[in-house]
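Asks: Keeping the supplied structure of chain A fixed, place chain B upon it in accordance with the hints.
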Amino acid sequence: MKKIKNLRKNLAFNVIGAIVIMLMLFSIIVSIIGYMSFTNSFKKEYDETTYHMTNTATASVDPTRIDYYLKTNGRSSDFKRTQRYLDSYCLKMNVSLVYVIKVDTSDYGRFTSVFNSVGADTPYKPWKIGHQQDTTNEEYARIYKDMYENGLTRGTVYRFTDLKGAPPHITSLVPIKAHDKVTAIMCIQRPMKEIREVRYKFLAEIVTAAVIMGVFVSFLASDFIRKQLINPIRCIASEATRFANENKRGRLPEQFARISEISDLANSIYKMETDTLRYIDDITEITAEKQRIGTELSVASTIQENSIPNDFPAFPDRTDFDIYASMTPAKEVGGDFYNYLLIDDDHLAFFIGDASGKGVPAALFMMVTNIIVSNRVQAGDTPAQVLTEANKRICEHNKADMFVTLWLGILEISTGKVTFANAGHDDAAVYRKDKGRFEFFATKHCLVVGAMPGTKYKDFDIQLNKGDKIFLYTDGVTEATNADNKMFTLDRTLKELNNIKDASPEGIIEGIKKSVDLFAGDAPQFDDVTMLCVELKETQQPNLKTLKVDATEENIGAVNDFLGAFLEEHDCPMKTKMQIELAIEEAYINVAKYAYGDGAGEAEVNLSFAENELTIVLKDSGTPYNPLEKADPDITLSAEERPIGGLGVFLVKKTMNSVSYVYENGQNILTMKKVIE
Amino acid sequence: MQISVNKENGKLTIGVNGRMDTVSAPELEEAIKNNAEGAEELVLDLSEMTYTSSAGLRVLLVAHKMMSQKGGMKVTGVTESVMEVLEITGFADILDIE
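Protein chains in written order, with my numbering: chain A, 1 to 677; chain B, 1001 to 1098.
Just so you know, the hints here were simulated from the structure itself, not pulled from any lab data. Every value quoted in this text rests on a predicted model; they were computed, and no experiment measured them. It is possible that some hints are incorrect.
With a straight-line Cα cutoff of 30 Å, these simulated BS3-like cross-link-like pairs (lysine-lysine) come out [said to hold, decoys possible]:
(1) K1070(B) x K630(A)
(2) K466(A) x K358(A)
(3) K593(A) x K1033(B)
(4) K1065(B) x K593(A)
(5) K548(A) x K619(A)
(6) K513(A) x K358(A)
Negatives, chain B to chain A, calculated, CB over 12 Å [stated by the list, open to error]:
(7) Q1002
(8) V1005
(9) R1019
(10) D1021
(11) E1030
(12) G1077
(13) T1079
(14) S1081
A few chain B positions that, by computed beta-carbon distances, are all more than 10 Å from chain A [claimed, not checked]:
(15) G1010
(16) K1011
(17) N1017
(18) G1018
(19) E1027
(20) A1031
(21) K1033
(22) D1045
(23) S1053
(24) S1054
(25) S1068
(26) G1071
(27) T1076
(28) V1085
(29) D1093
(30) I1097
Every residue gets a Cβ at the ideal spot worked out from N, C-alpha and C, and that includes glycine.
Chain A with its partners taken away, still in its complex shape:
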């Protein structure tokens, strides 16, 4: 079955099969047309000849004596003579019947035979004169009528099928007239045997000729098609398949095919093979190159990442200020940067900048600028002096005509005074604790760095109070675009800042980052997004650390880590450390379990260290409860008598040097102190 299915798709089979079928159809149609045309002509000719025979015969009958013959019953001599003539005529003409009849003109339903001669091989018996017969059928009757009444001069009746033992025949009728009046009708019936024979002979000849010609032409045609069309196409098809599988050049023979289109096809295939192989080589090379570049960019990205400080908290042992920053490049490497450094104990320099362009060129330019500015800052220059010098140096080597915007500030920590200079950068947003919100601090912008040698820069001052913050950013924030091509804008930036104004610098920057991401949605990041935030903190007890967590049992780990980190700095012996751990765990777990019932809430752990004494303060805003009210368990009871539980607070009391409790401002405050030797 499969073989036959495949055969149906085969080119040779289809083409040659089509030719054969069409030739056959053609032969059949031609044969049919020829046959029909031949038959018609033959019939017409037959008809004519029979008519002429009949017409000739009428001349031998005296039209005026018909009635006389009938009356005398054919005894007269001229009747007999005419009859004898008709008999011999019938035999000579080789027809079946020659007869003369007189039709009953009332309804043409009957006739009387006058003369009647029968042919040699017929089954008829000749009618005697006067024999009456019914008209054979309607056809005859109509002809009789037309002859007698309408002047019809000839008629023909065909009988194709055998009837009453008589083979197919044609009957020709001609009226016998006396003075233009019909007295009798001469009829000659001629067998169609001949026509049948001749027809069949013709059909046989024509079909044979058609078949022979058809077969012959089929062979010729299929041979030609096979050689000039099918074989070349097959050859091309197999060559294409081979190439697709092997991807190696092939060779098609010269003078491949006579038909030019096939030749062209072969040549095109060959050319495509060559081209394809070349493209494959090119692409392989390009891909390898691309991979190499990708790797290098990845390394460059790491180098850049490490060139700006991103270790936070930046100055963990400074409680008088806090600083946080982040840079997210649009590509692997970016042109934005920030940097900060403590020039000395009382001076913090921080700056943010945006090199023109993006990608590798901007990144290289940015790193150069970063280094120059950091150097000058450490040398003790004021911001304006730093920028002037940086500008001079950068312009010297700036063949690529790039430039960089820069905002550089130096904070005198003890006084809160910030001296800064702005080289074409966006204005800072400043949070004032007494005003309770962020506002832009607008000053004159000097020219960007790197544009013109000799540019002069100006110092500005701003006085920060405790709790105030400065927020710096690049235009990647304000110009972040979403799918509708709308920008984040300065207004929205300020609005978002004021939504999270109480957060720490880290909280503010992460918050703005989230807002920008949410705003941009699926739109690709166009520009580097960079932010820096500095806070001048309110004075706290020296070395006070705070941890706020959700009061759940799982967070005991975070509490322990917090304690561990703190104790690391204070050289605490192992045994004491374990006692403190125990006390904190017991106190904290109690809060986690009971302070908020089924609800959730926060717990705050404050650690501070002064004069060899560690103070732990545990705060929660849950149900007011003084754990110290609880009576100590009786530890003298035996195992059976000991109730399970109630040991936590007891352990706290026993391991800590002092424990106190107070309920204040809606908070349970438990204070534990331990001396650390």
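Replies: Okay, now just chain B, sitting in the frame of chain A:
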């Protein structure tokens, strides 16, 4: 915290490695309850236990009460700081410590 379990001739030995606090104590309690069937004697090897809070003490008391109806419970390898806790709470007098 890692728990090791060893059952031999009706003596169940459970070793505690690490810190036993509120989060990990239930693991020890599970281990004891699951393996107590057919154990006549329970030995808790605390030589690798660096720390315990009151949650751990609770498990010890529960286990002690459970095993006191059978062959009893022993605690071995107690570290110094853990010992201190046991003494403060009076557990040192209740438990069989070796």
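Asks: V1005(B) clear of chain A by more than 12 Å, beta carbon to beta carbon?
Replies: Per Cβ check, V1005(B) is outside 12 Å of chain A; nearest 23 Å; holds.
Asks: Does K593(A) pair with K1033(B) here, judged by a C-alpha cut-off of 30 Å?
Replies: The given pair, whose Cα atoms are some 24 Å apart, holds under the 30 Å limit.
Asks: Just want to verify: D1093(B) was marked as not at the interface with chain A; is every Cβ pair farther apart than 10 Å?
Replies: For D1093(B), whose nearest Cβ neighbour in chain A is about 8 Å away, the distance does not exceed 10 Å, so it is violated.
Asks: Are the Cα atoms of K513(A) and K358(A) separated by 30 Å or less?
Replies: Holds: K513(A) and K358(A) sit about 20 Å apart, inside 30 Å.
Asks: Once the closest CB in chain A is found, is it more than 10 Å from G1018(B)?
Replies: holds, 13 Å
Asks: Over 10 Å from every CB of chain A: does N1017(B) meet that, or does the non-interface label fail?
Replies: holds, 16 Å
Asks: Given the hinted pair K1065(B) and K593(A), is their alpha-carbon gap at most 30 Å?
Replies: holds, 25 Å
Asks: Taking the minimum C-beta separation from G1077(B) to chain A, is that value above 12 Å?
Replies: Since the minimum Cβ distance to chain A is about 17 Å, G1077(B) lies beyond 12 Å and the statement holds.
Asks: Taking the closest pair, is the beta carbon of E1030(B) still more than 12 Å from chain A?
Replies: holds, 17 Å
Asks: Using Cβ atoms and 10 Å as the threshold, tell me whether S1054(B) really stays out of contact range of chain A.
Replies: violated, 4 Å
Asks: Report holds if the minimum CB distance from T1079(B) to chain A is greater than 12 Å, and violated otherwise.
Replies: violated, 9 Å
Asks: Closest CB-CB distance from D1021(B) to chain A, is it above 12 Å?
Replies: With a cut-off of 12 Å, D1021(B) comes too close to chain A, as the shortest Cβ separation is near 6 Å.
The structure is inconsistent with the numbered hints 1, 2, 9, 10, 13, 14, 23, 24, 25, 28, 29, although it conforms to all the rest.
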